[in-house]
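Residue numbers (the UniProt record's numbering), protein chains in the order written: chain A, 1 to 301; chain B, 1 to 303; chain C, 1 to 258.
Please keep in mind that the hints were generated in silico from the structure rather than gathered at the bench.
Some chain C residues judged to face chain B by a derived CB distance under 7 angstroms, without partners named:
#1 VAL81
#2 GLU82
#3 VAL83
#4 THR86
#5 GLY114
Using C-beta positions, here's what the derived DEER-type ranges look like:
#6 LEU136/A x VAL40/B: 20 to 30 angstroms
#7 LEU136/A x ARG130/C: 50 to 60 angstroms
#8 VAL286/A x VAL42/B: 29 to 39 angstroms
#9 GLU193/C x GLY117/B: 45 to 55 angstroms
Sample of chain B residues facing chain A (criterion: CB under 10 angstroms; computed from the structure):
#10 ASN27
#11 VAL40
#12 GLY104
#13 ALA140
#14 VAL146
#15 TRP274
Each residue gets a CB set at the ideal place from its N, CA and C atoms; glycine is no exception.
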Amino acid sequence: MFRGLALGSGGFVVALIAAIGIFLLLQALPSLQANQVSFLTSGEWTTGDPNDMRFGILYLLWVTVATAAFALVLAMPVALGIALFLTQYAPRALARVFAYIIDLLAAVPSIIFGLWGLQVLGPALVPTAEWLNTNLGWFPLFSDGNVSIRGGGTIFTAGIVLAVMILPIITAITREIFERTPKDQIEGALALGATRWEVIRTTVLPFGRAGYVSGSMLGLGRALGETVALYLILSGASGRAPELSLFDGDATIASKIANDAAEFNNEISAGAYIAAGLVLFVLTFVVNALARWITTSRTGK
Amino acid sequence: MSTELELERPAQPPSFQGISTGRKAKNLAATVMVSLCFVVAVIPLVWVLWTVASRGMESLLRADWWSHSLSGVRANEDLGGAYHAIYGTIAQGLVTAVIAVPIGILVGIYLVEYGAGTRFARVTTFTVDILTGVPSIVAALFVYSVWISIFGFSRSAFANCLALLLLMIPMVVRSTEEMLRVVPNELREASYALGIPKWKTIVKVVIPTALSGIVTGVMLGVARIMGETAPALILMAYSARINMDIFEGSMANLPLLMVKEFTNPEAAGFNRTWGAALTLILIIMLFNLAATLVSRLSAVKTK
Amino acid sequence: MAKRIDVKDLNIYYGKFHAVENVTLSVPPRSVTAFIGPSGCGKSTVLRSLNRMHEVIPGARVDGSVLLDGADIYGAGVDPVEVRRTIGMVFQRPNPFPTMSIRDNVVAGLRLAGTKNRQQLDEVCERSLRGANLWEEVKDRLNKPGGGLSGGQQQRLCIARAIAVQPDVLLMDEPCSALDPISTLAIEDLITELKQDFTIVIVTHNMQQAARVSDQTAFFNLHGVGQPGRLVEIDETSRIFSNPSQRATEDYISGRFG
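Model the full assembly from the supplied sequences, consistent with the hints where possible.
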């Protein structure tokens, strides 16, 4: 009986994931059929009138991927540094306290990061953003975007906040793997007369690389799905196509859904957002599955 | 080879094969960079916490904040409080936990005690991993499409709990799994040797041994979901009034209160938003602290 | 190349714990010195203090001096990295770097020191592998990972790695305890050859091994649990095993220990 119960719960969880995919698809299909434009290649988004649905994922997808990728580029090296600091450099008595401080970052709810990004960090970043835009504007990522830089509601601000948010995730996993670097490897390198940094390069980094990559993927998954921080920071509909710059604004898939939740008054309109949610689900599914695959294929050896 | 010479030669300080300045410089540079990374991470933490504390303190110092709702309070009045939202946050967190904990523990038990090594267990583990990564907004859309679209229920705090459930179950599974794996096999075998059936061994021997770890995991999980906002935006309607009924009507929670008030341009709106932020952080810290305490206290007991 | 070691009044502490007390001994160049004694007597600790490897453990510190041809390895301004570069070490369990090929393992130390010349690296690789009696067995698979070798081969690979940087002294911490008897024999033969070029100090649990390979033997003991370990006596190996001057040594050697 007890065994059945436990097995049933396991089955329930498996069924849940399948159900998420299936039900989202079921709810999205009628809207996709009613869609007047191509869902995958259009950037338009007008869903108010069930008889004239025009919605495409393209612009949202760009902002989603760009924000998450920018966050990842910022967070990965820093997280690596922190993980090394905590496992290889910090005095052991302090390492636990330091690690706890980094974990505290993960305990702060995303809405608070969002609020901080909107009201504090965003305005503080405007001079930097303007400088980049003025002096390095020839570089496509720093060229003019589709929203005002002065407003702060750009991929640039959002990416930095997201980077802070995923930092503890990447750090935690990387740290855990670095800690497991076999001691005899480290001693072997030391006995060859390696400096601390060389010990890290010859033993810790090769040993922990897979864990680091997989932790980064989990961070990426988290960044892709982050909703409320971006809902607060990004400046909402600009109506203009993105310029493929870090100073684009508008919305990510998730923040768009949160933004327009009040619009869910008929099933066809809601279905458009559910279709967008399905894309997000698939995206995070792939990224997370990849992360797990990296870990298991590595430990399987 | 000039061994004799070397032996007779008086000791000179550079007797060791020195390392090049380039290597020393690289080592120093790495040390500096790595330490800087840590500092870089601490800056936003301190900055965020300071912002929240300094901006939110004013609201928290008013006695009404903890005992009144915002019912009937105008947007520009620094009156009323967050009682309705605090109640909502805690009630929704607890209801979610009450449902998520048994399911999560059972899945954890299945994975460690029954399924270990089987194909279905591997599938389940993978699914739990994926569930961990499901964005909260997707969980919310799923609950919306099943609970509201298909079953026809209206938006409610309970619908929010259902979405939070999806986020919390994998956390409980993880911590259960981890704690059960730590329970030494000798304990199980000792129990079997007494002729005690497997399920009873699990309930009477394995779970109690792992309990403190599981409780810690659950508390951390509750702390996590209480800060979730996205599901509430889709599945709940905000109410400035106190509503005790999870299943009916509009209800508040702290994140939702913040979302409602941050667009309020009055000074009172600013105070309420950041007051709610500080309150939320305090509640989350309280749960985190309790989790640490539970694990500390029971860790001593086992020794 | 090979240098002598003079240890004077060496005390080793881990935090408040006094691990080893008042060790004074000398190791002549081009010889093999064996450290023997019961578990916990501090012989490995003394060995690791000879190239400052014990500092890996937080709270470890030493009093006294360890002189390498007269230069104090604990002297002010001496970098432990330089010491370890000069005094190599082979460990209890073979520890080749798993992500590196056999060749890369052997030349890892030289690479760290900045040698990039491929021809030179290849030469050192061959010379070191020959020196470790491993060349014939692995010359056709130098690019395969070092982890694929047998335990005994891995240990000889680690010895090749240690001698590739041409250290003055080679420390060996129970190098055969994880190996089968045949591999052990191969390593013992190797040690006898290596002493032509290196000063060797070896910790061993195996008294026959000490008797077979070493020129002089140091016996360490401790009075009781929680007491510091100390050097009981050091003498020519033949004398230690036939006619030791201390009663404790004789008891230990003849198995009447404890």
